[in-house]
Every structure is written in C-alpha cells, then in structure tokens.
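Residues -23 to -1, 1 to 465 (mature numbering (1 follows the signal peptide of the UniProt record, and there is no 0)) are what the sequence shown spells out, left to right.
Simulated from the structure, these hints should not be mistaken for lab results.
Misleading hints may appear alongside valid ones.
[As the list claims (entries may be wrong)] Computed Cβ-Cβ distance ranges for the label pairs, DEER-style:
1) S431 to V151: 35 to 45 Å
2) E107 to L437: 50 to 60 Å
3) G340 to Y135: 40 to 50 Å
4) V244 to S436: 46 to 56 Å
5) S436 to Q230: 24 to 34 Å
6) E219 to T90: 35 to 45 Å
7) G407 to S431: 49 to 59 Å
Note that the structure is a prediction, hence the values are computed from the model and not measured.
The C-beta atom is built at its ideal place from N, Cα and C for all residues, glycine as well.
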Amino acid sequence: MKISFKQALAIFTCLIFAFSVKSQTPIRLLPANPHYFEYNGKPLALITSAEHYGALINLDFDYKKYLQTLHDEGMNYTRIFTGSYFEIPSASFSIKHNSLAPQAGSLLTPWNTQEENGRIKYNWNSYNPEYFARLNDFMSLAQSLDIIVEVTPFSSIYSDEHWEINPQNPKNRVGGTDDLNRQLAHTLQNGELTELQKSYVRKLVDELNGFDNFFFEIQNEPWADRSRSVINLINKYDVSGEDWMNKVDVADQASLEWQEEMIKTIVEAEKLLPKKHLIAQNYNNFYAPILSVSEHVSILNFHYNWPESAEMNYHWNKVIGFDESGFAGSEDLVYRRQAWAFMLSGGGLFNNLDYSFFSGQEGGTLENEAPGGGSKALRSQLKILSEFMHELDLANTVPDKSLVQAAPGLLTFALKNGNKGFAVYVIEAGTNDSFFTLTIPAGTYELEELDPISGKRNSLGSFEVTKYPLKIVVKLRQGEMAYRIVKK
C-alpha cells in the first residue's frame, strides 16, 4: 500500500519523539465509564457555550481572543466547520451577526480558488496553504488551553440560496460538469463528488493527526438534507406536518450510507498514522432511540436535546452529546436548565450555541439578534455546572431515575456517584417550596445545596438514614437548586 509523504513524515516524527518524550494520547472514551471522556489522564465532561462554528473559516474572527475567553471563563470545548459549508452574510436564519457567514473577501476554505465569468471556483485538487496554517495555529492554541475541538467537515445545505455559493456545487468547482441536486450532495449518488469528499477528509485527517484535543463529527444535521419523521413530540402519534419543532426527523438510508463511507475514510486514513481519534455522529433533534450505531462511532450527538435523548440511548455505552442549543428564546435560564437537566440524566457533552460571540465581539459580551442565547453570565453559570460535574467520580457516575421516590411539584434529575453518594438537580414545576425523598442505603450523609446561578454553596448538615427514605425539604430561591449527598 502506498503512503503519502505527509503520512511517512508523521510516522517518522512520532517514532523519533517516542524515544525522548512520553507519548500523548488523544481524547478518548473513559475506559471505566465510556459515557464520559478521558484527556491528559483525567476523566472529563465537555461543557461549553461556544460560537457559531465560523472561527476557522472567517478571517475577520479573532480566534485567539475567542479561545482565550473560553479558557478564562472555564469552557473546555468548541466546534468548527471546516469550509465545505458556510452561510450568506445577511440575516441568515434570523441571525444579525453570524460568524459562519463571512463578509466578502473574508472567507477562507481548504481549496485554492479562481474566478471564472464572475463566479468563484474552488479547485478540489489544489489545497490552500493559508487555510491549513490557520487551522494548525487554531488547533495548537486550543490544545495549549485544554480546549477540545469538534471538527465537522460537512453540514446539510439548507436552501438553494446556500447551494448557489457552496464549494461542493459542480458549478463552483474547477472542472465541475455535473448538474447536482443539493439534496444528493451527501449521498453516494452524487457523481464524482464522493471521491472528492473522501480526498478532502483524508487531507484533514493528515493535517490534524498530531493533535490530541479533537474529534471528528461527520456532518451537521444530516436529516435536514432529506429526512424521515419518526416521532411526534406533542402526543399526536402522527409524524406528518411541516413544523420541525413538533417532530423528530432522522437521516434517511442514503444519508446513513454516505456517512458510513466518510467514517470508514477517516478510520482507513488513520490506520497509517500514529494517532487515532474519536468520531461523532449527529442523529436528530430533541430525542429518539437510535436504531443502530456504527462500530467506529463513539459520540452520539443530538441537537436541542431533551434529557430523554440520554436516557433512551444510555445502553449504547458511549458519550451522548447535547451538541447544539437554540430556538428556545434568548434567556440564560433556558439553556442553563437544559444543561443541568441533560448532564444529570447521563449526558457527557453540552454545547450551548452562544450568539454573543461574533466577529469584532470575540469576548462574547454583546447581545445578538438570533434564534438562541448566550452571554458572559451564562458561561459563568455553565462553569459552575462543569465544576460540579468534575467533583464527581466520573469513572463510577451513572444516572439513577429510581433514586428520587417522590418530589411533589418538582422536576428532578439524579446521578449516583459510585459509592460516594448522589447528586440531584431540582427545577420548580408548580412550587418553589416542597420536598423530595431519596431511597438510598442506610448510613450517615452530609448534604449540601448549590445555587446553579451564583455558585453559592450551603451545608444543610448531617443526616442519619436507616430504613426510611431521606426527606429533603427544599426552598428554591430562583426556581432551581442542585444538591450533593455525600456518604461519610
């Protein structure tokens, strides 16, 4: 089998350093509990509030300031699109300031370009060194700041307007001759495009192999190209209708076959390289019991998740990700509560799509007109959640729906922290003053409450549990509270 000069150099470099430096391991599933990650030898949950995926391809976006802001504010994860999809600099999807829609002259893609008859043409056989220099610098800085990056090579193409400017459109490719329906772009029925896509994926694999702080996600929202509806969310048991907010759509078989081909392309390319990286797949919005999972996929991503997405798919023994939030208003309360409820239902990854980050505002301090939220205050609250999660023994942490026996007027979400105790998150559902009871083993327990907004902790004392459930009286200051029950 022939290998490229780039692959040979990567192997040679790795062997040289192996004799003098302890080899680093890319982020991986936590061996003792694959619902979380392991990175730098430590258990890890990914929790962040991050920008709209244009940090790499938008030259106006100061990614250095952005990554430093994430690090300083306790965020450990971000997501990038790599150039095969971008948006139009207008009010795309009702976003006033959209980092994924670079202004004219500010778009950077992996391919060299030329102009023909007023149209920008992308040469898929000629890669742009400026792009890969920026990619390398972005990844190097993120790695130095312990920020994990989700690298997403492809996204659904949501409209004819976006297809008109897309690098995968044959009209925009040097030498492109086909007339391709955009809904076939991410299927194996796309003519010559599949081989070009595979070559592009192999190039990304080669360029990124030396980094430890990333994983691949094949395609963003693949169900949006062509979907089939599987669940109605409003108790109608009918999946017809146009309102995507009321139903769950999943990718069809043609999409799944194409995604599997891209997955295999990554796996085969990495066989000849020193490091192997995790692969994520994006399944659907809201929740659904996944029918099957590729043997090479380690992260199951959903968008706009309900906690049920973690509960229904926990049996796959992989990380379950809440990979994009939004379309639920702009208030911090919504996305803070989504994060806590999901993570305390067994999730291992939460990413709020933070629209307060955009070109010129990489510190994320201004409000944006967008279908979601994001703010400095929300990031401080998500940091509280991250610290709460990382105080648990993640190697032995599992969701426990049977823990809470009764909770009148309250919603509860609970984790069992090995043999060390329990964690419970409570949201008002009719009252701020109530109680919940826990069915836990006999023993002595220390009880602490944590305000998810301020981070203030308050000891509630020590309790002796015998044959009766532990009753905890709650007075929710702002409609929610977290509790840690530690066995002495």
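The hints, checked one at a time:
Checking the proposed 35 to 45 Å range against S431 and V151 shows it is violated: the Cβ atoms sit about 56 Å from each other. At roughly 57 Å, the beta carbons of E107 and L437 sit within the given window of 50 to 60 Å. Checked against the given bound of 40 to 50 Å, the beta carbons of G340 and Y135, roughly 29 Å apart, lie outside it. Between V244 and S436 the beta carbon distance is about 50 Å. The supplied range of 46 to 56 Å therefore holds.
The hint said 24 to 34 Å for the Cβ distance between S436 and Q230, and at roughly 55 Å that hint is violated. Between E219 and T90 the C-beta distance comes to about 37 Å, which sits within the given range of 35 to 45 Å. For G407 and S431, the hinted distance range of 49 to 59 Å is not satisfied, since their beta carbons lie about 24 Å from each other.
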